[in-house]
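With these hints in hand, go ahead and build the complete structure from the sequences.
There are 2 protein chains.
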Amino acid sequence: MGERYYNERMERIDRKELLELQNRRFRATVKHAYENVQYYKKAMDEKGVKPEDIKGVEDISKLPFTTKQTLRDNYPFGMMAVPKDEIVEIHATSGTTGQPTLGLYTVNDIEVWSEVSARSLTMSGLTKQDIFQITPSFGMFTGGFGFYHGARKIGAFIVPAGAGFSKRQIQYMIDFGTTMVCAVVSYILRLTETAHEMGIDPAKDTQVRKGVFGSEIWTEEMKKKISKAWEMDVYDIYGFTELCGPGVANDCKYHEGLHVWEDHFLIEVIDPKTGEQLGPEEEGELVFTTLTKEAMPLLRYRSRDLAKVIDSIECDCGRTHRRITPIRGRLDDMIKVRGVGVWPSAVEQTIMKYPEIGMEYQIQVTRKEALDYLKILVESKEKMDEFRKRELADKLSEELHNVLMIKPEVEVLDPMTLPRQEVGKAKRVIDNRQVQHT
Amino acid sequence: MGERYYNERMERIDRKELLELQNRRFRATVKHAYENVQYYKKAMDEKGVKPEDIKGVEDISKLPFTTKQTLRDNYPFGMMAVPKDEIVEIHATSGTTGQPTLGLYTVNDIEVWSEVSARSLTMSGLTKQDIFQITPSFGMFTGGFGFYHGARKIGAFIVPAGAGFSKRQIQYMIDFGTTMVCAVVSYILRLTETAHEMGIDPAKDTQVRKGVFGSEIWTEEMKKKISKAWEMDVYDIYGFTELCGPGVANDCKYHEGLHVWEDHFLIEVIDPKTGEQLGPEEEGELVFTTLTKEAMPLLRYRSRDLAKVIDSIECDCGRTHRRITPIRGRLDDMIKVRGVGVWPSAVEQTIMKYPEIGMEYQIQVTRKEALDYLKILVESKEKMDEFRKRELADKLSEELHNVLMIKPEVEVLDPMTLPRQEVGKAKRVIDNRQVQHT
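Chains A and B are the protein sequences, given in the same order.
full-length UniProt numbering applies: residue 1 is where the first sequence begins, and numbers increase by one.
full-length UniProt numbering applies: residue 1 is where the second sequence begins, and numbers increase by one.
Calculated directly from the structure, the hints in this document are not laboratory data.
Just so you know, not all the hints are guaranteed correct.
It does not matter which identical chain is meant; a pair holds if it fits inside one copy or across any two.
As the list claims (entries may be wrong) - In silico lysine-lysine, DSSO-like type, Cα no more than 27 Å apart, as pairs:
| no. | residue 1 | residue 2 |
| --- | --- | --- |
| 1 | Lys308 | Lys375 |
| 2 | Lys223 | Lys308 |
| 3 | Lys128 | Lys153 |
| 4 | Lys427 | Lys167 |
| 5 | Lys62 | Lys389 |
| 6 | Lys16 | Lys336 |
| 7 | Lys167 | Lys425 |
| 8 | Lys210 | Lys84 |
| 9 | Lys204 | Lys308 |
| 10 | Lys42 | Lys389 |
| 11 | Lys41 | Lys395 |
| 12 | Lys62 | Lys383 |
| 13 | Lys50 | Lys224 |
| 14 | Lys31 | Lys368 |
Here it is as structure tokens:
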């Protein structure tokens with residue numbers, strides 16, 4: 001069977017034709033943003049750049065950046081570029097740490113979101129024949145609806161389970177014969193454990209053989225563990241609220257990076273400190289410019305996500321859209337411990353190599369007498385005696401020392417000891433230092 | 001401004017033309033059910049009736065009934081009338097008291113659901129200019145998606161808030177300028193209280209002026225209280241999972257019953273004991289036959305809901321579809337206390353007349369020494385001294401005695417004493433008798 005595409009013509013578009021399309025859409029977006037969003041008019045005027053100075057994507061660095069702070073400063077509707085009665089949907093981050101950031105949609109914006117989600121899900125193997133269980137929450141969070149809009153396009157049998165009720169989710173999988181599932185990364189871990197608690201082996205007792213996960217940073221090692229527990233093909237989907245939620249990029253079956261839908265989103269990678277553009281294969285901050293968004297066009301939106309653009313455009317899947325590496329971290333995620341930057345993903349990558357270790361872990365940072373302490377809590381997969389725990393902890397501590405350049409304390413706990421979350425993203429980093437400051 | 005319709009031609013269809021349409025669709029539905037659902041083939045064969053014996057709606061009583069138990073016996077896919085790959089969506093009751101009952105949808109079934117929901121919401125005043133906050137949960141529950149599908153058709157600005165997070169919901173209303181809200185009946189009570197707790201007067205400090213509520217039995221008196229607290233027009237929407245969720249019927253601005261979309265659903269009212277059809281203005285159990293459902297056609301589905309069909313077809317709104325009275329109760333809801341049937345709605349109707357009483361209440365039934373005791377807990381709106389509480393309780397007890405034919409004990413509690421629910425339907429009846437049996 002050949003490769004499946006949702007929109008073969010667009011997914012395999014000739015690069016020259018794509019560039020022309022991008023240039024045309026880019027010029028229109030800049031004009032639309034300048035004429036209808038006060039922030040862009042002001043920021044472009046300050047830089048002395050007019051819409052007519054932008055001939056094509058080669059002029060992108062003349063434009064100002066947009067940041068999360070820009071969106072907060074313009075909350076709720078300052079970034080809206082169309083009359084309010086053309087808006088048909090709004091989504092938002094939970095805003096637990098402050099003001100939510102919003103995504104606004106016209107009818108056409110929903111259509112574009114559905115299209116890129118359908119392409120991404122098709123790339124992850126979803127077909128009309130599948131029974132597709134959607135476990136991210138529906139509502140203001142873009143997860144549930146993003147998958148829903150795409151799967152509706154494909155015509156799959158949707159089980160819109162939404163967040164939580166893990167036992168019921170497993171029961172649905174069995175009763176309805178679910179063949180594919182999507183989830184926030186940590187939630188598929190929760191479902192795996194729930195199945196085991198119910199005496200169900202996901203690989204043998206369910207028909208789930210494909211999965212697409214996102215919304216959290218995860219490593220190759222984690223992917224392998226999930227893949228093995230369910231005997232499923234595992235795919236990585238990328239997106240965020242301000243852009244349109246899941247569907248901006250997705251990996252194909254060759255799993256060598258995530259294709260970004262470049263007819264709708266321009267990508268740049270920049271040095272987060274200087275703002276300078278970086279070349280392919282250079283890691284930096286991903287920056288997105290929307291090419292078709294009507295309600296809330298974004299120019300050079302700084303995602304805070306770290307990745308590289310892969311140099312080679314050729315991919316065995318036949319798609320011509322450029323790929324990014326899986327997100328290695330978020331700029332906000334790096335923890336400074338005794339002046340050394342520690343990436344949670346580096347910790348995950350190291351510990352997940354051990355088959356005797358479970359899938360949950362916690363990174364704790366504390367401060368005692370002006371010194372930072374890093375502690376990693378992991379769970380053993382099967383119960384272990386104290387001697388073996390100690391032995392394993394020492395080995396992990398050694399290896400993490402090599403990777404992180406500082407030596408963490410490691411504690412191996414019994415299975416199912418760490419806190420689990422039914423809903424939302426996992427909280428794997430506990431930084432107690434702020435608390436102790438007060 | 002004239003009356004607004006979503007689909008004027010269909011909503012004002014000539015009765016003769018409607019009957020022809022119903023007959024045609026009814027014959028097709030019977031044939032479809034007979035040929036594709038084992039249960040219907042068997043049940044019709046047992047009654048000695050073939051699809052060709054059904055010429056039109058006048059033959060409906062030849063057909064077998066379908067009950068909730070039928071659906072449970074055929075869980076999960078025994079009632080499915082199309083190949084599985086034509087199904088695009090499934091919804092389910094929570095099934096907390098046993099197996100869930102399901103609703104299955106083809107692309108066309110979703111289209112029909114969206115259409116009836118759009119007609120119902122237009123009847124409740126929703127327009128493209130509105131900012132419409134959807135507070136029922138999205139997911140397997142049909143509430144969230146039912147409102148969403150309809151509002152998308154209309155092109156309103158949807159705030160898909162989903163269930164829970166009441167303070168955040170009030171904040172959204174203020175930040176986004178929400179003009180219309182939909183909710184499970186008890187949840188709008190919760191939102192009213194939350195606004196007050198936040199120091200916000202819904203009538204003065206929000207722009208919400210229209211609301212559509214359903215999924216629970218409520219009385220005119222409750223409608224008036226909600227309407228007053230928000231200074232909003234209050235509408236009643238009807239539907240349930242097995243049929244398609246909200247949108248089956250809705251009241252128009254004259255509030256003299258709910259128009260049932262008779263081009264998609266045939267209604268009968270029967271005597272729940274004998275199964276005999278009753279005439280207009282006679283109260284009995286509502287029975288529905290779907291006329292356009294592909295995935296899961298239902299013949300004579302017994303809803304357990306009690307109402308009357310209104311005799312007069314003329315309505316000042318110009319719609320020609322027949323009306324039912326608001327649901328007075330569910331057959332499963334009636335509580336037998338010392339052999340006397342007590343309807344929770346009769347209790348609500350009585351207590352809501354008192355302006356000094358809040359909107360929450362609880363009905364408790366206990367058994368002591370083989371005798372049943374009925375106790376009604378209400379809350380005062382403002383704090384009261386013990387003497388006034390006692391006085392009010394006595395008055396209520398007297399009046400409830402007249403209405404219910406048995407005398408309940410009444411206790412007046414302080415404001416905000418009874419338990420509230422953030423998510424799902426209110427639990428207002430606590431029957432402790434089963435527990436004491438064990």
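Verification of the supplied hints:
In this homomeric assembly, Lys308 and Lys375 never come within 27 Å of each other (Cα to Cα): the closest approach is 29 Å inside a single copy and 68 Å across copies. Proximity of Lys223 to Lys308 under the C-alpha cut-off of 27 Å is restricted to the intra-copy arrangement: shortest distance 19 Å within a copy versus 58 Å between copies. With identical chains, the CA atoms of Lys128 and Lys153 are at most 27 Å apart both within one copy (9 Å) and between copies (24 Å). In this assembly of identical chains, Lys427 and Lys167 lie within 27 Å of each other by CA distance both inside one copy and across copies; the values are 22 Å within and 23 Å between.
Taking the shortest alpha-carbon separations for Lys62 and Lys389, neither the intra-copy value of 56 Å nor the inter-copy value of 72 Å comes in at or below 27 Å. Neither within a single protomer nor between protomers do Lys16 and Lys336 lie at most 27 Å apart by alpha-carbon distance, with minima of 44 Å and 77 Å respectively. When the C-alpha separation of Lys167 and Lys425 is checked against a cutoff of 27 Å, the pair qualifies both within a copy, at 19 Å, and between copies, at 21 Å. Taking the shortest alpha-carbon separations for Lys210 and Lys84, only the inter-copy value of 18 Å comes in at or below 27 Å, while the best intra-copy value is 40 Å.
Proximity of Lys204 to Lys308 under the C-alpha cut-off of 27 Å is found in neither arrangement, the shortest distances being 37 Å within a copy and 52 Å between copies. Taking the closest pair of Cα atoms, Lys42 and Lys389 never come within 27 Å of each other, the shortest separation being 60 Å inside a single copy and 63 Å across copies. In this assembly of identical chains, Lys41 and Lys395 lie within 27 Å of each other by CA distance neither inside one copy nor across copies; the values are 57 Å within and 67 Å between. Taking the shortest Cα distances, Lys62 and Lys383 never come within 27 Å of each other, neither inside one copy (59 Å) nor across copies (64 Å).
Proximity of Lys50 to Lys224 under the C-alpha cut-off of 27 Å is found in neither arrangement, the shortest distances being 49 Å within a copy and 56 Å between copies. For the identical chains of this complex, Lys31 and Lys368 are neighbours neither inside a copy (54 Å) nor across copies (77 Å), given an alpha-carbon limit of 27 Å.
Of the numbered hints given earlier, the model fails hints 1, 5, 6, 9, 10, 11, 12, 13, 14; all others are met.
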